[in-house]
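Note that the protein sequences, when read in sequence, are chains A and B.
The opening position of the first sequence corresponds to residue 1 in this note's numbering, with each subsequent residue numbered one higher.
The opening position of the second sequence corresponds to residue 1 in this note's numbering, with each subsequent residue numbered one higher.
For the record, the hints were derived by calculation from the structure and aren't laboratory data.
Check each hint, because a few of them may be wrong.
Copies of the same chain are indistinguishable here, so a pair counts whether it falls within one copy or spans any two.
As the list claims (entries may be wrong) - With a straight-line cut-off of 30 Å between C-alpha atoms, the simulated DSS-like cross-links for lysine-lysine are:
#	residue 1	residue 2
1	Lys287	Lys238
2	Lys705	Lys665
3	Lys643	Lys665
4	Lys201	Lys81
5	Lys568	Lys643
Number of protein chains: 2
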Amino acid sequence: MRGKFLLLVLLVVSLPGLISAESGEKLWLRYVPVSETVLDDYSTLDNIYAEGESPVINVAKEELLRALEGMTGMDVEINKKLSGSSVYLGVGLHEKLELPGIEEHLNTCGDEGFVIREIGGEKGLRIVITANTDAGVLYGTFAFIRKLQNEEEIQGLDIVEAPKYQHRLLNHWDNLDGTVERGYAGHSIWWNRERSFDDLKEDYVVYARANASVGINGTVLNNVNANPDVLTDEYIEKFARFAEVLRPYNIKVYMSVNFSSPAIIGNLEDSDPLKDEVREWWKNKVKEIYDEIPDFGGFLVKANSEGQPGPQDYGRTHADGANMLAEALEPYNGIVMWRAFVYAPSGDDRAKQAYKEFVPLDGEFHENVIVQVKNGPVDFQPREPFSPVFGAMEHTPLMIEFQITQEYLGFSNHLAYLPTMQKETFESDTYVNGAGSTVAKATDGSLFDQKHTAIAGVANIGRDTNWTGHHFAQANWFAFGRLAWDHTLRADEIGREWLGMTFSNDSAFVKPTLNIMMRSREAVVNYMTPLGLHHLMGWSHHHGPEPWTEIEDARPDWLPKYYHKASKDGIGFDRSTSGSDAVSQYEEPLASMYNNPQTCPENLILWFHHLPWNYTMSSGLSLWDELCYHYYDGVEEVRLMQKKWDRLDGFIDAERFEHVQHKLKIQSREAEWWRDACLLYFQTFSEMSIPPELERPVHDLEELKKIKFDMTHHN
Amino acid sequence: MRGKFLLLVLLVVSLPGLISAESGEKLWLRYVPVSETVLDDYSTLDNIYAEGESPVINVAKEELLRALEGMTGMDVEINKKLSGSSVYLGVGLHEKLELPGIEEHLNTCGDEGFVIREIGGEKGLRIVITANTDAGVLYGTFAFIRKLQNEEEIQGLDIVEAPKYQHRLLNHWDNLDGTVERGYAGHSIWWNRERSFDDLKEDYVVYARANASVGINGTVLNNVNANPDVLTDEYIEKFARFAEVLRPYNIKVYMSVNFSSPAIIGNLEDSDPLKDEVREWWKNKVKEIYDEIPDFGGFLVKANSEGQPGPQDYGRTHADGANMLAEALEPYNGIVMWRAFVYAPSGDDRAKQAYKEFVPLDGEFHENVIVQVKNGPVDFQPREPFSPVFGAMEHTPLMIEFQITQEYLGFSNHLAYLPTMQKETFESDTYVNGAGSTVAKATDGSLFDQKHTAIAGVANIGRDTNWTGHHFAQANWFAFGRLAWDHTLRADEIGREWLGMTFSNDSAFVKPTLNIMMRSREAVVNYMTPLGLHHLMGWSHHHGPEPWTEIEDARPDWLPKYYHKASKDGIGFDRSTSGSDAVSQYEEPLASMYNNPQTCPENLILWFHHLPWNYTMSSGLSLWDELCYHYYDGVEEVRLMQKKWDRLDGFIDAERFEHVQHKLKIQSREAEWWRDACLLYFQTFSEMSIPPELERPVHDLEELKKIKFDMTHHN
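Next comes chain A alone, as it looks inside the complex (with noise of 0.2 Å):
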């Protein structure tokens, strides 16, 4: 058996000079060769039987085949029979096999769970992959490749998975017109191509793979802000065959829908949620929907939120229109997403405006309705505290949504590694109901007795090669699948997974970039906005530091002044309950501690609170000074971050090498370019020096400030 690996160890480790190159289009489903370490053990999984002949699990089967000969440079056989055969995949295989204590196991699974065994034999390791499902089967499989391209050990593997949240799903804000809306890795993968559908077949499946690899189990596919279009026959036809292309691989697709949709293309006088006719419309389009995709997911809704329309047009509450929709697809079991990001311009603190509308509405929504939170009370900035809202609304499920695509981090030119951020949330303690009542458990069904879970990631995908614009941006779709699948994941776990399967399992390279991976949401806070600064970025297409923007006639709560509040007498919004009194949508012990500048988290001390610029901060330092050494330490950790990635020059390709080095380039001098921004407008405010042993800035305010971009799309 080792002969047939000899050519192949040879080429790998005579030919380092040679690694081929990479353009990223793979992702992490790229299934190189494992080290010879690992190559005795895998030896013996060259025959695989798979049980049934769905779609799914087909496609698990084929998976594994591509995945088993790519890695160990095997011919893998699809066998017929049981016997002779050393992979097993398949619903009921662990009672043809006569395995004992895997029924048990399944008992918890649910409907995508599944069950891995190593189960030994004459020859060698002999792996059992179980489920309740075939999709469970799918999802066990993609995770037994994993630790195979992770070359972790097989032998007297033992696992037992189930999903945290049942629906998974990826948000596409992808317009119409083939743009999408923050989307910084070229145009729509869905809209507006110029191949046909079935020229495009084989990316459709790249993604599918790739989404079903990490267990993401739905998509919207396109933009919140809707398009009534998408309710016509020619968008429902398409809708149909994406579905097609996708429910081999377990994902359902859903789609946003415009709330005037029934009065724009369905000619009612309106599209009043109380009205019968505006009812019957949905109840109607819904059934034309299902008649075409018979396993549709259901409808994603901004309603009444910047400039959308919704049943508060016609003096209804969120949940009259929320409901509206749900009785609509409640025959069908599809679900109503409605989305919580709403505020009025000349409101309260715009922090505080998601939880005064919707927590009064708890306990009024259709149970297949489900409230999607942001993470945080503002917007997907790159630190904010949990959204009030988890937790605060017991008889209603809440979804979380995290932006994936990185509108706030730098687009798709900085490496921002956003499972840290994501964890923070996650293990964020609403203290609803007492220590320990996590965001994360608030949401999972763990805390409240709920029938639906959920979780969105809005979308970092477009039309270019490597998916994704930064190689290092793929990470962000792979492991929010992943938490999705398993908050309790480690970020750096996810990340030494995604790195082992994309680039290298070379511990020589793998510990750097995770390094690298780990540290990089922190550097961008602090280029950005550090303590709890927070919407400083450019106006509208929201590139870069403008912290001075005054735009005429704008939107108050759509100028960084709104949030800063930078003044002679110090910087930052007041929310505590001598301000705007955020602090107190927060549970106890949370109120007072936000409340007080003292027992704040520094990380958030100028979301709470306007401070002087020589408070003392708990380093002894004044405000001030503070807020430069982190500025100045965001930008050294940039540097940081091309120093470690450089030296990793020859681990991997050089195609990607270069590509993540360039981009690094990028976000050193951006970095460079908000340090100075922020500083130097702020000190025309503290009219205090930058710490003299800092470096200083190079960039004028005065030339900063004459930047003008016009990028409505930057795809």
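Fit chain B to the supplied structure of chain A, relying on the hints for placement.
Showing chain B alone in chain A's frame:
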């Protein structure tokens, strides 16, 4: 006497926050209040006696009056009698005052030297400033003012000075259309002005005072790439008007002439210098000039150089051409300054050509011809060895041409204090008459007997309010004059003088600022062209790095590749005996020293040698690593400049402080640009890594290559 200082002192001491804004328009002649510690000493200097009534003496008297009143706040009187005066200015005063020991001093003072002596008296200090001429008295007066403003000890003062060079000239490369070739401080102060001469006279007086204050006694008012129109009546009249305003300041005007003028504006058949009608034309033209400007200085000629016409167009030599003009000027004591800046596009190593063309002509020039030689053999690079022409023409007066305008040292955007570079030239030992035969001695008449000695600096002056674009570029104008007067002065002494006059005498300001200045030129060398590299700048405009430039059909010796010769096998220009043999133009032991990379100074090693990337430098580093360290050191030094400068906030007026701060930011960014451009480009040949402990590049080579400027004139 103390009483009348009180208010002034109170104002200065009690209102540090109100240091008045300054535009730099007064240059180093601000005459601001001196500190209390010296005021008492200066208190008797309130009565000036001036001998004579010449315009020059009047200038001296008025300047001293203005200076003393400004610096002390006293009312100073002009006395008509010797008795009762405390400052005496004029020729022959030592006799009137019966002062012993001065006559002997005056014997060493020549036409322009002076004696300053503190002669005491009942009421306190008394000062005598005398000389053999009123011009000498003028220079003595400015020297005395400088000492006062620098708050030097006056008691017991006993100074005897005489200039090292007779002709101390600025060369203005000003075109008649008002643009300035290699000018970075606005358009020409002389030409194409929209305002009337009378209107501008005040500006010219400031210019004249500034030059007189540092001993500059001649100025060439038009570009060496000369427009023949300067010899028309219209322009001769304009020159005459300028001469009139400059005359009281002992400054002669000179003219750059086009060698083809007889043919172009004289309607002669050609301009062959051996033709009688051509020679006659020049004689008549010179007479016309002297009729208008009796003290006209002479001609500066760029002939057969970079496309300019010259005697070689007619098969004649440079000597033939220069002598023709010299004969025309000789009756009026005018001089010809004939530039040796010649090189043919397809000839030998450019660095050798001036020597090859001119040294054979030694002895053939008329005695009022001075050959003007750029300090280095190529072209005003941040570092070059001295030109081998120096010392090699025993029978020909040679004058050094320095460039004050920073064509290759960052324009008016980089702080680069040039005296450290000029001192390097002055002190370079040519060894032509044994050790100690410095370039200074080979040009100032102490090594060879010569009727004329001279020196020229290409001016950095334009219509900008502060005259030179960068406030610190004023120092280069100041320092050029000081070194032309006395090349033995130390660069730091001169810098100290300039800082005291221009900014402050506070040592807390002066020390770090002087440190910035003294280290600045080496910083530029490091981030632009370390280790003897040269001519890596952008095509035509010479702004920024373009070591890669390829221009179709361009003269090869105008392209950086001609000079750096980077390839896989190494970098540098082999000028050793096995290369172009430029080394052999130098005397021993220099020739041998330069010829051997082991003995060649490392700061010139790539000027003289092409070395492999892994060549071991004296540091033990490879050439590549050493090169990297130099480029990074350059950037770090600029960052240090920024830090040092920022600590000085409050010591000087905010206007100039912030202007310099702004310029340093540009310099910091551009230093990084140079570093990245050169290293990333050279790296494509060396294929070696930038040492991992160094910061990473922040630019991409391909992006830098795309930068294109359109700036024929940067005015």
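Evaluated hints:
no. : hint            : in the structure
1   : Lys287 / Lys238 : within (16 Å within a copy, 93 Å between copies)
2   : Lys705 / Lys665 : both (22 Å within a copy, 16 Å between copies)
3   : Lys643 / Lys665 : both (11 Å within a copy, 24 Å between copies)
4   : Lys201 / Lys81  : neither (32 Å within a copy, 107 Å between copies)
5   : Lys568 / Lys643 : between (39 Å within a copy, 25 Å between copies)
Going down the numbered hints, you'll see the structure goes against just number 4.
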